[in-house]
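S.K.: Go ahead and model the full structure; you've got the sequences and the hints to work with.
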Amino acid sequence: MARRRKPEKEKIFINRFRCAYCGACVAVCKFNANELIETFLIIDDEKCTLCKTCIKVCPMNALEIKEVA
Amino acid sequence: MYDVVVVGAGPGGSTAARIAAEKGLNVLLVEKRQEVGTPVRCAEGVSKEAIEKFVEIDRKWIAAEVTGAKIYAPDGTEIVMAEEMAGNEVGYVLERKVFDRHLARLAVRAGADMIVKTTATGMKKKENGAVEVFLRKMGEEFTVDAKIVIGADGVESRIGKLAGIDTTLKLGEIESCIQYLMAGIEFDPEYCYFWLGNEIAPGGYIWLFPKGKDAANFGIGVLPSMAKKKPKDYLDDFVAKNFGSGEIVEVVAGGVPVKGPIETAVADNVMLVGDAARHADPITGGGIVNAMKAGFFAGSVAAEAVERKDYSARFLRKYDELWMNDFGKTLHRNKILQQKLLKMDDKTLNKLAKSIAGYNLKEMSVRRIVMELIKHNPRLLWDIKDLFI
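Sequence order for the protein chains is A and B.
Residue numbers are given in my numbering: position 47 of the first sequence equals residue 47, and the series is strictly consecutive.
Residue numbers are given in my numbering: position 380 of the second sequence equals residue 380, and the series is strictly consecutive.
Don't read these hints as lab results, they were simulated from the structure.
We put the CB at the ideal spot given by N, CA and C, even for glycine.
Check the hints yourself; a few may be wrong.
[What the hints assert, rightly or not] Selected chain B positions facing chain A (Cβ under 7 Å, derived; list incomplete):
1) T168
2) I174
3) G254
4) L337
5) K340
[Unchecked claim] No farther apart than 25 Å at their CA atoms in a straight line, the calculated lysine-lysine pairs in the DSS-like style are these:
6) B:K161 to A:K47
7) A:K52 to B:K170
8) A:K66 to B:K230
9) B:K161 to A:K56
[Claimed, not checked] Here are the computed distance ranges between Cβ atoms for each label pair:
10) B:M1 to A:N61: 28 to 34 Å
11) A:K9 to B:G111: 51 to 57 Å
12) A:D45 to B:P378: 52 to 58 Å
M.R.: Set out below in structure tokens:
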């Protein structure tokens, strides 16, 4: 699958105060970047293409793209 | 060597494990969380008739019973569906925290081994035709061998992808959901409630399922491909407007697959059940009964496969045939109905509701209500009539 070039300085940020560990973001990620370990969501930045699909599906508004400091 | 490793101890997985164990197989049930049944991701409504086929009813996990449903069109037009058999409730609202544990214990009682706080991280085909399943229990990695893996690992399923079944959902194939358990609100606890409309819940609906006299699961699902806001924003607006006095005592979030039937839920050595196989209904979003049916079918086919020593996808297609010829037909029908409904604006929804408002439909089913709608709106619904008659 062709992978989009992504901006180097951005990544998906997980707001853990909002995340309700429902797994919806895992279900829509075609790059298998998101993974839910018990109730702890991780996003593999190597696999993530910043396609934003997970941001759109999240019912809790817990995901956003932020610049890496 | 296990005959079957079941990944995920929800209603589908625990039923599969129980059936396989009852048929004499050597079964391991793996649950990634430390507790079965929590956090819940469910509105907890099931049909009474359907669930009684798979498990003996125990009052411990019945939170409420309902006799009917009230559906509201965008302009408030009410459709009532209620069965007339007095005292014969048609729907249960479950207490999933208790229900899921009960089903897991039934699997264990039937002879299944179980481990919790353990994630399945990979699978590798072995030369002898079995698979090596990679597990991680509290950070410790180990493997078990299995002839068959049943993936009941929910909406975020990994087993399907590991086996080469692409179950990735598009933004128009998953309902983004949030639900409050609300206490101190007023409603008639005899009914479940559904509110429809492109303004209040685009691509989905708002529901209220009683969990007692003054508490209820109050939730919403929206299609991310259509929604302009997050489901929480839509639900908060609706609650403030209609049930301002209540208190939220629990928050639940979830993604419900509404993809319709997938082409296959099997691969060599692997069967998927429940949300992992996208078995939830595209119209109602209900998934518990389908998952338990799928678990029943998968457990039964696993027993046949072990007896014949054939774990190939070709043999396991028997499981595909079973679920497809059962609830798969309804998934197919309701996917088409969903596509039809998604194209309707609020004006059309109001018109449809008005055409049958005032009739008591006397049966709580999608089929019953759509047949009545077709009768009163033949031209509007001409293209789907053959699916329902």
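S.K.: Each of the hints needs a verdict: does it hold here or not?
M.R.: Structure-based check of all given hints:
1. T168: 5 Å, holds
2. I174: 6 Å, holds
3. G254: 5 Å, holds
4. L337: Interface hint status for B:L337: violated (22 Å vs cutoff 7 Å).
5. K340: 23 Å, violated
6. B:K161 to A:K47: 15 Å, holds
7. A:K52 to B:K170: 12 Å, holds
8. A:K66 to B:K230: Roughly 19 Å separates the two Cα atoms, so the pair holds.
9. B:K161 to A:K56: 22 Å, holds
10. B:M1 to A:N61: 28 to 34 Å: 46 Å, violated
11. A:K9 to B:G111: 51 to 57 Å: 55 Å, holds
12. A:D45 to B:P378: 52 to 58 Å: 55 Å, holds
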